[in-house]
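K.L.:
One letter stands for each residue in the lines below.
Number of protein chains: 4
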Amino acid sequence: MPMGERRIFWVIGGDRRQAALVRALQEDGHEVHACALEQGVEESLREESLRGIEKAHCVILPLPAGDGVFVNAPLSAQKPAFEEVLDAMSPGQVLCGGMVSCAWKQEAEQRGITLTDYFDREELAVSNAVPSSEGAIQIAMEELPITLHGARILILGYGRLGKVLARQLHGLGARVTVSARKYADLAWIRAMGWEAVSSHDLTGILEGRDLILNTVPALILDREALGKVDPGCMVIDLASKPGGVDFEAAEELGVKTVWALGLPGKAAPVTAGLAIRDAIYNILSELGESL
Amino acid sequence: MPMGERRIFWVIGGDRRQAALVRALQEDGHEVHACALEQGVEESLREESLRGIEKAHCVILPLPAGDGVFVNAPLSAQKPAFEEVLDAMSPGQVLCGGMVSCAWKQEAEQRGITLTDYFDREELAVSNAVPSSEGAIQIAMEELPITLHGARILILGYGRLGKVLARQLHGLGARVTVSARKYADLAWIRAMGWEAVSSHDLTGILEGRDLILNTVPALILDREALGKVDPGCMVIDLASKPGGVDFEAAEELGVKTVWALGLPGKAAPVTAGLAIRDAIYNILSELGESL
Amino acid sequence: MPMGERRIFWVIGGDRRQAALVRALQEDGHEVHACALEQGVEESLREESLRGIEKAHCVILPLPAGDGVFVNAPLSAQKPAFEEVLDAMSPGQVLCGGMVSCAWKQEAEQRGITLTDYFDREELAVSNAVPSSEGAIQIAMEELPITLHGARILILGYGRLGKVLARQLHGLGARVTVSARKYADLAWIRAMGWEAVSSHDLTGILEGRDLILNTVPALILDREALGKVDPGCMVIDLASKPGGVDFEAAEELGVKTVWALGLPGKAAPVTAGLAIRDAIYNILSELGESL
Amino acid sequence: MPMGERRIFWVIGGDRRQAALVRALQEDGHEVHACALEQGVEESLREESLRGIEKAHCVILPLPAGDGVFVNAPLSAQKPAFEEVLDAMSPGQVLCGGMVSCAWKQEAEQRGITLTDYFDREELAVSNAVPSSEGAIQIAMEELPITLHGARILILGYGRLGKVLARQLHGLGARVTVSARKYADLAWIRAMGWEAVSSHDLTGILEGRDLILNTVPALILDREALGKVDPGCMVIDLASKPGGVDFEAAEELGVKTVWALGLPGKAAPVTAGLAIRDAIYNILSELGESL
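Residue numbers (this note's numbering), protein chains in the order written: chain A, 1 to 291; chain B, 1 to 291; chain C, 1 to 291; chain D, 1 to 291.
Certain hints may be false.
No distinction is drawn between identical chains; accordingly, a pair holds when it is met within one copy or between any pair of copies.
[Said to hold, decoys possible] Once the Cα atoms are required to be at most 25 Å apart in a straight line, the calculated SDA-like pairs of lysine to any residue come out as:
1) K228 - E48
2) K266 - G243
3) K266 - I139
4) K105 - G208
5) K182 - A125
Think of the hints as simulated: they come from the structure by calculation, not from any bench.
Note that the structure is a prediction, hence the values are computed from the model and not measured.
The shape of chain A in the complex, shown without the other chains (with noise of 0.2 Å):
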């Protein structure tokens, strides 16, 4: 995956996923620059200033990129402002960051600097999906005081976190059962090798589990929904907002319940940080290409 040719890439901002994807590209022979990364990356490779950056083959923003005005740069005391970036750097250069604003897209372009979102790249997506399935993994064995091997799991929903899940906890021994709505999902997760059943009607897939993993990003687990859960069995929702549970009903109702949002960061940052990275050599081979 490393690029043939040594490039000149300036990484700005970011957590330990960033210190992992410094680390990554100094390793594949790149020439790197961090700033506003004090805390993750070692000594020699910080700057102080944004001095040199218009040599850069490519800028990297952290992801979350940052809000109205600022970098996101959690592991630093620096606070760099978005605008400082595209003052220190020259019409034409690379930049790329994750889950850009539509501001700062058209803020760039006005400056002829186009800003790639990397988080957009559906490569990325696939990726971060293991890390989430680990940390999801992480917090069941956790919370629930049996084994997940021989445990009865049910997974909402067959996107992509739903596939990785369900091939991790096979994996484990547990007894995976996959809801989807299509057909043709259905059919795939039979194929693989775990039960189906059909979403369209929730009554009757809940009982008799020990953990309810929810990837579908619709309010699924709503108060009668949650009714039907086992006593003992826990709930793991793993939807972005505003989330799949009714979380009032849960505590009301005695369901033990997590709310899991940006494990890839927080289950394994390196991971993720590679993930990145892939997704930047895959940004810059692109835009090699279309030269």
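Could you slot chains B, C and D onto chain A? The hints should help.
P.N.:
The following block gives chains B, C and D in isolation, referenced to the frame of chain A:
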């Protein structure tokens, strides 16, 4: 999966898949009439004429449905013509078939009968990937003097069949590598635990294999590529016509090659018949919903 | 697995495993009395004295059973003495416990009571390998900044725990290598699909790993061996006392090490409790047969 | 696995396994002479007489080694007598063979030659379980009209072959149940993730299966048991003579039965030959250590 109400089915022609379909429909509690399938079904279900077909909730033609004039009926001494079937049916009745020609569709439509092709159903294509994969594995077991456990296997293409092959061969203990073009597919291959290689350049990925399974319907394994295959490595081509291997070159170069087509019906006709049943239930369910 | 007849069980002391055992016995339809376990079981099952214990078909002490004088009772304000239990029982009654001292066995025998150690049962040791393995996996997930999927993991030893660890870690997508001494074990490791390395010489097998799990109860990872471990590689020692790692050397060399003991009761007390129940059923079944 | 030093091997007689053994020894850098194997090995390695055999570090007889007088040599027009081989060898030389009779062992010993039976090696028995399992799977794929994926399969016995069968069939997606007698084996079956059933009573465990694989060398599937097998269920007997199935009763009852013997050499002679090579290396290594 069985439908709630008892329905009347007529099954016309077909091979062991249709015979299995007839049995499965009957076991699900439906009324089944089989015509031109006398070597495949028990006597009590056989019909010698099409009398009564106008009461059918669903008339099922085989896969493939047939050629210009006749319905495909290899398990019968009869030779039912498609026109005969249409003549005996009433407008508004449901007619299904697999790999139906445009001409037949139009002919049916002119009589006010919608002819639905169940082979177009995504869920059937997914389900068929399993018997196709097992058929290919059976051929590999028969032909190779080594076990698949421990064998170094390259799968070209990560479509439906590639996915199931990778999973089953890994399950047998093979060392599985899968090639794909798209970044997201390569990420999926890795997320599933197989080794991923880009198919942009075949150089260097064909060497060191004991078995190469092609699923890509394009002439990938041409003379040049075949020249790189290790002595003793076997090639199984699973791509539909015109196939993915230059068979002439393979013979000249001494590369053992098998072109395996129509595997579901050969390797596991009963499983393939059940998949057709499920697709037909889904078609009927959708037609019912759309009323 | 539930036994045919309704029996009377007394459970004295214990942790969450015994609490789970009480519930499981009750769900199987038996009459259960719990003593010195009041924080673990519902009120209706609690006994404040040992009155009535002479009617028990089986009296169950915890795991570990206790020290010189007292039965182990961490979930209770009571402190039952082993002598008290014996005093309340009648000769010929069945008494079980886990990790029972020789002194206690002799004491029981002098009273005409056979004290059977369920921790000596092979099937319990096998069953316990599963929660031990999951406990180790949980620790690895918590401590490592990478996913176990794709991680290069070395398991030292192919006994009960090594076998289950290999299977579960492989199931998560890890690249598993297992070391063993005996030729037959090495053949087994290969037959299961893992990479096998001989442990006759550790040189060359410790390098290039992200995680090393030791299951061998001997000082394998001494200072010299630890010096060969990659930076960032984590060591989890699962060997019972005295352990398999020179922890002092590990700390000096900066090798992150966790010594994980008693995992079944910590990671999955309910599963561990069910395994105790099964062992006790088997003991009773064998006693019944031998009558 | 290749041994450090270049050694001289003589291989006498044998089938495709010995032919593969010859090639493998040569690829490992040894000097190899093949006698009575001319249809299996290239010309340059063939020997027409035993001249020079006295320089061999190891002389290898086939598996099975042969009957009363002659070495087994199905790939040859020659018929070497065992006595001839002994006559040509010198006392102290190493001689190996598979399934060697006591008579031959004694005869060799009288000449001062130790004849070691590599078929007695546990690691060879383990390694052979893999080609046996794949041979059985191939037969099942050829004979059954359903896919093994999703099939309800019962494996009788959890010895070497049962373990590998369970793993590979599960890997294909089958629903695997394994029977055993001992509590510890039942615990192992569950710990591996298969369904466990006690074989103390076959009643109730034979029903509802699509395939039954017997690995127990005792008449388990007698007339009464076969009467309980579902119509359409297939039985593959993998037990060595006298076998575990009453074949006469099976035929009368219409239960499709295959008695599969000698699978490693048939299904995967090259893999089986490599396993013999490994066993011979281990024998030589142990003989070397004991000097």
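K.L.:
Now tell me, hint by hint, if it's right for this structure.
P.N.:
Checked hints:
Within a single copy, K228 and E48 get their C-alpha atoms no closer than 57 Å, and across copies no closer than 36 Å, so neither meets the 25 Å cut-off. Within a single copy, K266 and G243 get their C-alpha atoms as close as 18 Å, which meets the 25 Å cut-off; across copies the closest is 31 Å, which misses it. In this assembly of identical chains, the alpha carbons of K266 and I139 lie at most 25 Å apart whether taken from the same copy (12 Å) or from different copies (15 Å). For a Cα distance limit of 25 Å, the shortest separation of K105 from G208 qualifies neither inside one copy, at 48 Å, nor across copies, at 42 Å.
Proximity of K182 to A125 under the C-alpha cut-off of 25 Å is found in both arrangements, the shortest distances being 21 Å within a copy and 14 Å between copies.
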